[in-house]
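J.: Below are the chains, spelled out letter by letter.
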Amino acid sequence: MRQVDLAIVGAGPAGLSAAIEAAKAGVKVVLFDENQKAGGQLFKQIHKFFGSKAHQAGVRGIDIGNNLLEEVEKSGAEVMLDAVVWAIYKTDTLCVTHNGKNTMFKAKKILLATGATENVLAFPGWTLAGVMGAGAIQTMINVHRVLPGKKVLMIGSGNVGLIVSYQLMQAGAEVKAIVEALPTIGGYAVHASKIVRCGVPILTSTTIKQAIGKEKVQKAVLINLDKNFKQIAGTEQQLDVDVICLAIGLSPLSELAWMAGCEFADVPQLGGFLPVHNENMETTVPGIYVAGDLAGIEEASTAIEEGRLAGIAIAESLAFLTAGEAKEKKHLIIDRAEQLRDGPFGLSRRQAKEQLIQRSLK
Amino acid sequence: MRIKEHPILGPLVKKTVVKIEVDGRLIDAFEGEPIAAALMAVGKSIFRYTKKKGEPRGVFCAIGQCTDCMMTVDGVPNVRTCITPVKAGMKIKTQKQTGELRTAGQ
Chain A
1 MRQVDLAIVG
11 AGPAGLSAAI
21 EAAKAGVKVV
31 LFDENQKAGG
41 QLFKQIHKFF
51 GSKAHQAGVR
61 GIDIGNNLLE
71 EVEKSGAEVM
81 LDAVVWAIYK
91 TDTLCVTHNG
101 KNTMFKAKKI
111 LLATGATENV
121 LAFPGWTLAG
131 VMGAGAIQTM
141 INVHRVLPGK
151 KVLMIGSGNV
161 GLIVSYQLMQ
171 AGAEVKAIVE
181 ALPTIGGYAV
191 HASKIVRCGV
201 PILTSTTIKQ
211 AIGKEKVQKA
221 VLINLDKNFK
231 QIAGTEQQLD
241 VDVICLAIGL
251 SPLSELAWMA
261 GCEFADVPQL
271 GGFLPVHNEN
281 METTVPGIYV
291 AGDLAGIEEA
301 STAIEEGRLA
311 GIAIAESLAF
321 LTAGEAKEKK
331 HLIIDRAEQL
341 RDGPFGLSRR
351 QAKEQLIQRS
361 LK
Chain B
1 MRIKEHPILG
11 PLVKKTVVKI
21 EVDGRLIDAF
31 EGEPIAAALM
41 AVGKSIFRYT
51 KKKGEPRGVF
61 CAIGQCTDCM
71 MTVDGVPNVR
81 TCITPVKAGM
91 KIKTQKQTGE
101 LRTAGQ
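So the sequence lines, in the order shown, correspond to chains A and B.
Just so you know, we're using our numbering here: the first sequence kicks off at 1 and counts up by one.
Just so you know, we're using our numbering here: the second sequence kicks off at 1 and counts up by one.
Simulated from the structure, these hints should not be mistaken for lab results.
Hints are not guaranteed to be accurate.
[What the hints assert, rightly or not] Some residues of chain A that are not near chain B, with every Cβ distance over 10 Å (derived):
1. G130
2. K209
3. K227
4. F273
5. L318
6. K330
[To be verified] Reference excerpt, derived from the structure (chain A facing chain B, CB under 8 Å, subset only):
7. T97
8. G135
9. A136
10. H144
11. R145
For each residue, glycine too, the CB sits at the ideal point set by N, CA and C.
Next comes chain A alone, as it looks inside the complex (with noise of 0.2 Å):
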């Protein structure tokens, strides 16, 4: 069994972040993904990021997952690809499957960074081929460069639904339309405005009532619905597509913290059950710590932000940074997230974090 200061399960942007900021202060760093390249989802990311010059606003997701690698490259860390962590014990020891052999790390402190699970949307039809996650469909056209289809229905007006549906364009298929069971288009106007713009209709008050084909997916039949979300019978409307895109959403992806005793709270805001943590990333486990998604469903530049607060707070904890020069650092980042959190998409995240917090401390 080996043993490190600090074992990270995930190499996505909180992963990768938290592994730079321990590794730079001296903390000797293992980093674990069970993917052949780091990076997480990053480089499925081709369109510019948000928010503002601190947060490499106008940089494209790609770009910042290649500055994220160069650096954990020169910060000492180790990664190690192709290593799927399947168990904690006793709160220190992780198992490991590494190209396919069985290896135990003991660790001072872990980290948390497995990221999200896409959510599904269960309708008749649902399982035939064609029917796939927005991710499935970012991997394939943006990392593998392989269009599932040509004509595609997208179901989800939130970012990831208006983004990708963009990048889907980009790629050279037809997005028929996409549609949203709200009353009002769930992402970023200016996300929106630029598939309007395309001519692709957005239609809100409407759901997909079935997926049709012998196989694999030829039609869809969408319907509208009232603000009671019921079904309004005779508004039934065909679409010929071969490609049914799920952007409904995702779920943080937890086993390990359950596995772990994590305390859970049910936070809607942030995606569902998450574990409890306070303003180190600290969950209610000692030296466990949680990052990225898993911490609450946000955006790639704050999983970015709470990796690195992450990574500075272990670091403190385990004597490689004094409390001053860990509270002058935590700050600027604290700083940063909260502008992450701003406006009002913004707010009802950062509340719901503040709460979770508040709990941690009880």
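The hints should help you fit chain B onto chain A, whose structure is shown.
T.: Relative to chain A, chain B alone:
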């Protein structure tokens, strides 16, 4: 279908092309890309049929979580093709039910 030109990502970078066998048919694939990407590029959409009802399944999550895209690869059933890299000469089969165990000597 391969996305050969892209307004942000530019032209498709040429990679090593290898042959793989899919249900007895030889196709071109890029070495190291996920098997699922290679199959989707030639228009294959059904990857397996389920155990109880024999329903078709294709790629759903593309990140190794949902297991919809499992196929039999070089005789090994239940391989997640969305995260398994292509190697030259691989033999891939559309999987019926949960696949078959290899018997001794095979």
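J.: Now look at each hint and say whether the structure bears it out.
T.: Structure-based check of each hint:
1. G130: violated (6 Å)
2. K209: holds (20 Å)
3. K227: Since the minimum Cβ distance to chain B is about 32 Å, A:K227 lies beyond 10 Å and the statement holds.
4. F273: Holds, because the least Cβ-Cβ distance between A:F273 and chain B comes to about 18 Å, which exceeds 10 Å.
5. L318: holds (33 Å)
6. K330: holds (32 Å)
7. T97: violated (13 Å)
8. G135: holds (7 Å)
9. A136: holds (4 Å)
10. H144: holds (4 Å)
11. R145: A:R145 check passes; min Cβ-Cβ to chain B is 4 Å, inside 8 Å.
Figure legend: structure checked against the earlier numbered hints; hints not met, in rising order: 1, 7.
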